[in-house]
Amino acid sequence: SIHPASKVIAEMPESIRSWKGVPQAYHYEHPDYPDVKFEGIFLPSSLGSAAIPFLGRDLSEWMGMYDRLATFGFMVSDSSYGRVIRVPGLRHLVRYQLTDHDLDGFYFAIKLIARCFFAVGARRIILPVANEGNVYTTGEELEQRFRREDLQPSLVYAMAFHPLGTCRFSGTPENGVVDRLGRCHYHDNLYILDGASIPGPLGVNPQVTIMTFSRLAARELAK
2 SIHPASKVIA
12 EMPESIRSWK
22 GVPQAYHYEH
32 PDYPDVKFEG
42 IFLPSSLGSA
52 AIPFLGRDLS
62 EWMGMYDRLA
72 TFGFMVSDSS
82 YGRVIRVPGL
92 RHLVRYQLTD
102 HDLDGFYFAI
112 KLIARCFFAV
122 GARRIILPVA
132 NEGNVYTTGE
142 ELEQRFRRED
152 LQPSLVYAMA
162 FHPLGTCRFS
172 GTPENGVVDR
182 LGRCHYHDNL
192 YILDGASIPG
202 PLGVNPQVTI
212 MTFSRLAARE
222 LAK
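Numbering (the numbering used here), first residue to last: 2 to 224.
One should not assume that every hint holds.
[What the hints assert, rightly or not] Calculated lysine to aspartate or glutamate pairs in the EDC-like style (CA-CA distance at most 20 Å, straight line):
1. K112 - E40
2. K112 - E141
3. K112 - D151
Calculated directly from the structure, the hints in this document are not laboratory data.
Can you build the whole structure from these sequences, using the hints too?
Structure below.
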């Protein structure tokens, strides 16, 4: 589980300087999609340029109006699961692909954010989809052209910041790597107390959960 995430970019009619203030000051949950968490997000231009899916003159055009850009993001509490595979003689291979259920969440989130941007006057929006024509100028165009059946895992511009579950905890060695206090089933005096031990998606930033779990384990270690 990685909590896959993405965002929609909008060109507003006036300067808004989105880099000022708290970058993640807003949060929203839609009652129809509890597995999707919406979060306000904006990056300084040195980082934000990498998130604009263009090159050359097109990228220069959008960067030239960076003070008028707005973004809003989301993350999905994923049903998808990846694997870390050890390949003899090579590096470890990481495999992960979005399920149809998670793609439904992506489609819902992308379209809702885009609709909101047009409702408040956005001139253009960029959808996080890797195909031609991912810039939209009206809400009507969005409703006509952006369809769920066109959204494929390989076309989504996605990112993730919460890798979880590669050394998940369980009561038995057959089902996990560590026990409920983070002790490795296979090695004495080895504890794993980060996100790797969390068995699945939490649907929120895992920082507090990880710190709570680590504190409980630390108390046990101190005895």
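Results of checking the hints against the structure:
no., hint, in the structure
1, K112 - E40, "holds (15 Å)"
2, K112 - E141, "holds (12 Å)"
3, K112 - D151, "holds (13 Å)"
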